[in-house]
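Colleague: These protein sequence lines map, in sequence, to chains A and B.
Position in the first sequence counted from 1, then plus 2, gives you the numbering used here.
Position in the second sequence counted from 1, then plus 2, gives you the numbering used here.
It should be emphasised that the hints constitute simulated quantities derived from the structure, not laboratory data.
Honestly, I wouldn't trust all of these hints.
Unchecked claim - Heads up, simulated DSSO-like pairs for lysine-lysine below, C-alpha to C-alpha not over 27 Å straight-line:
no. : chain 1 : residue 1 : chain 2 : residue 2
1   : A       : LYS58     : B       : LYS302
2   : B       : LYS144    : B       : LYS167
3   : B       : LYS24     : A       : LYS205
4   : B       : LYS24     : A       : LYS59
5   : A       : LYS212    : B       : LYS58
6   : B       : LYS169    : B       : LYS58
7   : B       : LYS24     : B       : LYS59
8   : A       : LYS205    : B       : LYS302
9   : A       : LYS144    : B       : LYS59
10  : A       : LYS59     : B       : LYS212
11  : A       : LYS58     : A       : LYS169
2 protein chains.
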Amino acid sequence: MTNRQLLLVSRPSGEPTRDNFKLVDTPIAPIGDGQLLVRHAWLSLDPYMRGRMNDKKSYAPPQPLNEVMIGGTVGEVIESRHPSFAPGDQVVGMGGWQEYSVVSGGIRKVDTSRIPLSAYLGPVGMPGVTAWYGLNRICEAKPGQTIAVTAASGAVGSVVGQLAKAKGCRAVGFAGGPDKCRYVTDELGFDACIDYKAHGDPKELYGALKAATPDGIDGCFENVGGAAFDAVLRRMNEHGRIALCGMISGYNGEPIPLRDPSILLTSRLMLQAFIVSEHMDHWPAALTELGTMVATGKLKYRETIAEGLAAAPEAFIGMLRGKNFGKQLVKL
Amino acid sequence: MTNRQLLLVSRPSGEPTRDNFKLVDTPIAPIGDGQLLVRHAWLSLDPYMRGRMNDKKSYAPPQPLNEVMIGGTVGEVIESRHPSFAPGDQVVGMGGWQEYSVVSGGIRKVDTSRIPLSAYLGPVGMPGVTAWYGLNRICEAKPGQTIAVTAASGAVGSVVGQLAKAKGCRAVGFAGGPDKCRYVTDELGFDACIDYKAHGDPKELYGALKAATPDGIDGCFENVGGAAFDAVLRRMNEHGRIALCGMISGYNGEPIPLRDPSILLTSRLMLQAFIVSEHMDHWPAALTELGTMVATGKLKYRETIAEGLAAAPEAFIGMLRGKNFGKQLVKL
C-alpha cells in the first residue's frame, strides 16, 4: 500500500507556485500498538497555511521543508490498534496533505448521521469555531448591533454573518464580485454585502459601506486587511470591538499598512487578534451550537471542491486569490 | 474686575499659530447663588487640546469658536456663594484658558499641605490617572514584564515608567534628545531610554529597541504613534497588550500609517484605545496611590512653565513639537 503525499520543498516568495510542492508516493509501514491508519476523504485548505510556508516568526513554527504540508483532514479509520477507535469510525484531525495518515491520537470521532463529513472541516470545524469565538468572545455581539465581516462568502465569514443574524444583529459583509455578494445576501441572509472589486476607489468603498451601515458598526470581524479594513474602521462606533482573525490580502507579502490608526484612538476601539487553536476550552460549546445549526438547516455553507491530491497546490493558490466560493476542499 | 481670556477664533490647519487665538479682557459679573469665583494659579496644556481645535468627529465635541479654550486649571476660591466651598479653598477644575472662572460645580478641593498645587494638573491629576489606568487596567502590567512607553519624559509617560518600576517591571522609554533620555533613566529610574531623534532610520530604531528589550515587550503604553510604535509592535511578545492613549505625532494632521498591522495578528496582540475621562470610577483609587507617591517623594515629575496667559499659545505650539520637558504649565 502506498500513500500519496504533497511535500513543501521550497518556500514561496510572494505567491506560491506549483514548484514549491512535490508529489511523492511513499509506502505505508505496518501500524504499531496504539496507532491507527486513517484514509482521508477530504483535505481542508485554509489561508493560515500560507503563513506556515514562511520561515519567519509567527504564532506557529514554520512548516519544515521536505515534509508533508500540514492541514486538517476528515476520513475513515481503516485499521486500528488503538483502544478508542475501530475501523469504520469517521474522524477529523490534522492529517496533512496526503491520502493516508498513521496517528496515535490528536483525532476525534464525528457523527455523520445528520452532518456531512466535509462540514467538520468547515462550519462544524475550525472555521466555524473561529467565527463563533471571534463574534461571541471578542466582538461580544449583542442584539441590535451592526457587525461587519470581510471575506463574507468564505468558510469563516459566512458563519460570522449567519451567527450575527441569529443573534438579532445587522450583518454587513464584503465579498469579491456580484455572484458572491448575491449569495451572501440572498442565501446566507446578510442585510447587505459590498462588492469590494466594484469599488476600487477608497472613497467609493467608504460610501458604499456608509450606505449599508446607517447606524455605524459595533463589531468588526476582520479576515482580509487593507482597503476594506480602513473603510470599516472609519465607520466604527465609539467603543467598537474588532476581532482580528486574518489579513489574507497581505499573506503573499504585499504591504498592507493601516492608513489611519488614529481612528482607533478617537473612537476608543478595542482590537484583539486571535487564533482559535489557543482557545480550545471554547470548542465544545461552539461545536454543539454549530452542529445543531447545520443539522437543522439553520447554518448554510458552500464548498469549492478540487478533485484529487495533485490538485491541492493549484486550489490553494486560487484560494489566496479569492477564486474559491465558500470553503475550499480537496476531495481525495 | 476684569478677566483675561484666550479664545479660539479660528481652526488651525496643520500646526496651530498665534493667530488662531485672541486675547480679550472681559468684565467679571457678580456671582449668583450657588456660584463661586476661582482665581486660577496654573493652566494645564495637554496634547488632547489639539484634537478639540478641529471641527471633526472625535470623542468630544469640537471647541466652539470665539469661546474660551477649554483646559484644566488649579486655583483658589476667592468668593463663594456655594455651600461646599469657602474663600481660600484650593481647587482643581476645567477652568479654561483664562485667569478667573465662575462655576457652580465640576471642581474639587485639593490638599496642598504635602502636594504642590500644580501637581494636581500632572502626576496627581489627569495625566497621572491616565498613566495609572493604561498601565494597570489595559496593559495589566505584572512583575517581571517589560513595559515600553513613548514620550517617556512627558507628563503621562514619566508616570507610566515609574509605576511600572514600582511594580517590578522593566521600563523602557522613548524620548527626544540626550537630555530627556538621561532624565528618564537617571532621574526617573527607567531601565533604558531610546532617543528617537538619534535613530531616524527605522532599522536603527528597531535595533536600539531590540538591545533595550532582550526579553521582548509585554505591555506598550502608546502616546505618539509613527515610527516608534512600528518598532515597538515588532518587539511585542505573543499576547502582548497595548494601551493606546495618544498619537501626538499625527495631531497636526500628518499621516501616520501603521506600517505592518499583520504583526498584531501574528503576535495575537490586544489593543485598547481609551480616554481617562470615560473611566471616572477608577480615579479615586488612582489618585490615592499617586498622591501618596508624590507626597513621599516616590514619584518624580518635572514641569516646564510658561509665564502669563499670553504665553499659552506659544507654549502649546512648542509642546506639540516636543519642546517642553515634562508637564507643560502656564503660571497665571
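Colleague: Determine for every hint whether it applies to the structure shown.
Modeller: Going through the hints against the structure:
1. Distance restraint check for LYS58(A) and LYS302(B): the Cα-Cα separation of roughly 42 Å exceeds the 27 Å cut-off, and the hinted pair is therefore not satisfied.
2. Of the pairs offered as hints, the one joining LYS144(B) and LYS167(B) holds, with about 10 Å between alpha carbons and a cut-off of 27 Å not exceeded.
3. Distance check on the hinted pair: LYS24(B) and LYS205(A) sit about 37 Å apart at the alpha-carbon level, beyond 27 Å; violated.
4. As the CA atoms of LYS24(B) and LYS59(A) are separated by approximately 55 Å, the hinted pair breaks the 27 Å bound.
5. Taking the CA atoms of LYS212(A) and LYS58(B), the gap is about 17 Å. The hint holds against a cut of 27 Å.
6. At roughly 39 Å between alpha-carbon atoms, LYS169(B) and LYS58(B) are farther apart than 27 Å, so this suggested pair is violated.
7. Among the hinted pairs, LYS24(B) with LYS59(B) is consistent with the structure: their alpha-carbon atoms are about 25 Å apart, no more than 27 Å.
8. As the CA atoms of LYS205(A) and LYS302(B) are separated by approximately 48 Å, the hinted pair breaks the 27 Å bound.
9. Between LYS144(A) and LYS59(B), the direct Cα distance comes to roughly 25 Å. Compliance with the 27 Å bound is thereby established for this hinted pair.
10. For the suggested pair LYS59(A) and LYS212(B), the alpha carbons sit about 15 Å apart, so the restraint of at most 27 Å is met.
11. About 39 Å separates the Cα atoms of LYS58(A) and LYS169(A), which puts this hinted pair outside 27 Å; it is violated.
Of the numbered hints stated above, those contradicted by the structure are hints 1, 3, 4, 6, 8, 11, listed in ascending order.
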